[in-house]
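A.B. asks: Spelled out from the first residue to the last, the chains are:
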Amino acid sequence: MSPTARAWHDLDAAQLALEHARGARSVVATIDDCLARIAASNAGLNAFLALDAERARERARLLESTARAGAAPGRLHGVPIAIKANQACRGLETNCASRMLAGWRAPYTATAVERLEAEGAIVVGATNMDEFAMGSTGEHSAFGPTRNPWSVAHAPGGSSSGSAAAVAARLVPLALGSDTGGSVRQPAAWCGIAGLKPTWGRVSRHGLVAFASSLDCIAPLARGVGDLELALSIMAGADARDASCLPTPFAAPIALDGLAGLRLGVVAEWRAALAQGPARDLHEANLSALRAAGAELVEVSLATTRHAIACYYIVAAVEAASNLSRYDGARYGLRADEGARTLLASMSATRRAGFGAEVQRRIVLGTWAHSAGWSARWHQQAARVRTKVAREFAAAFERCDLLVGPTAPTPALRLGAHAGDPAAMYACDALTTPVSLAGLPAASIPAGLVEVDGARLPFGLQLVGPLEADMLVLAAARVAERVVCPEPLRAPVEEASS
Amino acid sequence: MSPAHDPATLQALRDAAALARLDLGGDEAERLCADVARILAEFELLQQVDTSGCEPMVAPLEARGTLREGGPEDSLPRDELLALAPRSDGEHYVVKKAIGGEA
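Protein chains in written order, with numbering that gives the first Met the number 0: chain A, 0 to 497; chain B, 0 to 102.
Pulled out of the complex, with its shape left as it was, chain A reads as follows (with noise of 0.2 Å):
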């Protein structure tokens, strides 16, 4: 069989495996050439920070000689992939995009990536990010900002910048990001791609760096909802080295023909927070090619979700203070203790050196918000909010099956935009920490482009479904991209490169 005539990097992680798995093209090839358009990319995106091509081509070579002598491919056999700089890969450097941790190798797999792998899937690099997670624009990386594949000017948004900008600018057809307040399915907005964020405990986070422990989830991005769906597949399911991962079996995927007889809630404050635009006319035209397309649209109010920012910025910032004590100095990472005499001197130079603003702020903010005398009013009260949010989102699932809204207030911004107003780039993540915080499943996905500020700029829908529903979160979201975006954008960059 000879291969179809697209190149590689057109065709999604599950036609790749495919023709892989035919014999059609080869693992090696691809993974070559995958390499090639990384090393031509990569200067002017910075959506890598590490690669590792030996490994890669040894495991391409793997690969194809265990198929040639029989054994079952994968279902994503030879798919070259890459992960977020926090996710744990052998050998590979895991650096957080944090000064702290520049040149850590992982000595250990983390259990997402190693069903991905068993699968067949090959790490190629590790890609860009803001440091440790924290930020929505990957401007806040040690190793510089990640650029948005359709705009070099714009950010690709945060935190998993670079997986984003991998994915959109045909580096790779699949990548993982993790999601704590919206860091997979807001740069997947930016981007023009699709992100989806499982319900929290649905996949394994063994081998995710923690950032904050009860929003942590490791999440999936790809050019359309179909390989969010087999990577999801892959890697949920209970885990022994993750207590917190969900045991149930998981769900079957879901075939929905059509909208019809689909109750989909349409939440007024989220709508109500796109300006007047070009972004806000594009939101209203797909609701109502959602509508055409046979779903019943239900109004629905999430009074609350308006204190998300603030709750969430509060709990995950006194999680993060706690998860990031460990970088003392002492253990691996970064020592930087010229001078210092004691070990609490060490320790506190080392982390006054490690560590980012964006990251010295929140670990400032969730030390304070967490301290006698300041608990009750702050923590306490967030966690409290948070649980005012849960119980909204419960109440609107009687209503309707799935929520949609649009997954960011606004495309993607100039990359400075909001140097020096950490509240303003905080207002970035309005519509998705609010689901972060009741742990729900959502997708976002490309739904057309909007000419802002001189460029043409992707825009996303964002699906919310009850907790635990990801399955219909996704078959909903492979009718509704169909809908309202039936053929996949493609960035300007990548037409370049190509």
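Hints listed in this document are in silico derivations from the structure and should not be mistaken for laboratory results.
Some hints could be false.
[Said to hold, decoys possible] Label pairs and their calculated CB-CB ranges:
#1 B:G52 with A:E450: 29 to 37 Å
#2 A:R325 with B:H91: 16 to 24 Å
#3 A:R67 with B:S87: 41 to 49 Å
#4 B:S87 with A:A352: 19 to 27 Å
Predicted model, so just to flag it, every value in this text is computed and none were measured.
All residues carry an ideal CB built from backbone N, CA and C; glycine is no exception.
Use these hints to put chain B onto chain A, whose structure you have.
C.D. replies: Below, chain B alone, put in the same frame as chain A:
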């Protein structure tokens, strides 16, 4: 008083930075704590939410995963982990003296 202008809040933030082992210099600490105080001023509305009847949420779902049997298991090789340390003597992590004065 808004947290952005409250001397007690600013001092508490400076104390938190020290408690979090961030050895920030004078100007750096002032800048960072002022940033955080401004963020808190934006978050002040959180205090007005009526949360009566709402227990604090610890996690979205109760942990239902199965725990491993307690017992010895193979761990990562000691030399491999020590090789990742900033300083080691091949058998131990080497750090500054913690007790009994300077090292």
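A.B. asks: Hints first: check each against the structure and report whether it holds.
C.D. replies: The hints, checked one at a time:
Checked against the hint of 29 to 37 Å, the pair G52 of chain B and E450 of chain A fails, with Cβ atoms roughly 47 Å apart. Against the hinted window of 16 to 24 Å, the Cβ-Cβ separation of R325 of chain A and H91 of chain B comes to about 18 Å, which satisfies the hint. Distance hint check for R67 of chain A and S87 of chain B: the Cβ-Cβ separation is about 44 Å, which falls inside the suggested range of 41 to 49 Å. S87 of chain B and A352 of chain A have their C-beta atoms about 20 Å apart, which keeps the hinted 19 to 27 Å range intact.
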